[in-house]
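Chains as they are written, first to last, in my numbering: chain R, 1 to 110; chain Z, 1 to 117.
What follows is a set of in silico ranges between Cβ atoms, one per label pair, in the way DEER data are often shown:
| no. | chain 1 | residue 1 | chain 2 | residue 2 | range |
| --- | --- | --- | --- | --- | --- |
| 1 | Z | 64 | R | 42 | 27 to 37 Å |
| 2 | R | 9 | Z | 26 | 33 to 43 Å |
| 3 | Z | 105 | R | 78 | 20 to 30 Å |
| 4 | Z | 5 | R | 94 | 27 to 37 Å |
| 5 | Z | 16 | R | 8 | 27 to 37 Å |
| 6 | Z | 112 | R | 56 | 22 to 32 Å |
| 7 | Z | 64 | R | 1 | 11 to 21 Å |
| 8 | Z | 7 | R | 11 | 32 to 42 Å |
| 9 | Z | 53 | R | 13 | 41 to 51 Å |
| 10 | Z | 13 | R | 43 | 21 to 31 Å |
| 11 | Z | 26 | R | 40 | 16 to 26 Å |
| 12 | Z | 112 | R | 75 | 31 to 41 Å |
| 13 | R | 43 | Z | 10 | 14 to 24 Å |
Away from chain Z, derived, C-beta distances all over 10 Å, residues of chain R:
| no. | residue |
| --- | --- |
| 14 | 7 |
| 15 | 12 |
| 16 | 16 |
| 17 | 26 |
| 18 | 67 |
Keep in mind the hints are simulated off the structure, nothing from the lab.
Quantities reported herein were computed from a predicted structural model and do not represent experimental measurements.
Even glycine gets a Cβ: it sits at the ideal position worked out from N, Cα and C.
Chain residues, written in single-letter form:
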Amino acid sequence: QSVLTQPPSASGTPGQRVTISCSGSSSNIGSNPVNWYQQLPGTAPKLLIYTNNQRPSGVPDRFSGSKSGTSASLAISGLQSEDEADYYCAAWADSLNALVFGGGTKLTVL
Amino acid sequence: QVQLQESGPGLVKPSETLSLTCTVSGASISSYYWSWIRQPPGKGLEWIGYISYSGSTNYNPSLKSRVTISIDTSKNQFSLKLSSVTAADTAVYYCAKMTTLTTLDYWGQGTLVTVSS
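Please construct the entire structure, taking both the sequences and the accompanying hints into account.
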């Protein structure tokens, strides 16, 4: 069981907007920034969003992140077939003195 | 262009020690922190630990008693040792560069390590 809670699956049709939630506690998301990683099938994870809402160079602005209290969200607008992947949130957990990941959300583009 | 490449045995016997090395190119290992992460087949990501450019380490409490991460600045490499492995340690092991404690901005392609007799 992961310290950060994500829905196991999400889906949408091309062009739609989808959001993926990540729930934590005061000792992780509540007091530290959240990052999001995208893992395309058969590949290594890739940094998608850092420090809650910042996009690395090369990440389309269709991807956005937000954080409020002990929860964070990843939004994908203008959904495309190539967005079909697993998405993971991550944050530092002060109580564990460790980096923790959410369990991952499998996004399906219908 | 920063690149990381994991290397090591793909098969380890139960109770033995898993040893992997990550070779870094395009960045000086002396300038950043470096992490190991693993992913059991069909499951999520688990952070194993990190090492700083100066050699200080921090490990996942769940693995701390069995993990050692070391750094070789002369070879621009860092390494992972996981002792007393069991089938539960079967996973794809990734190495990654860190810019903050949670920001892993470059990852290796990963290497599958199977624990089996």
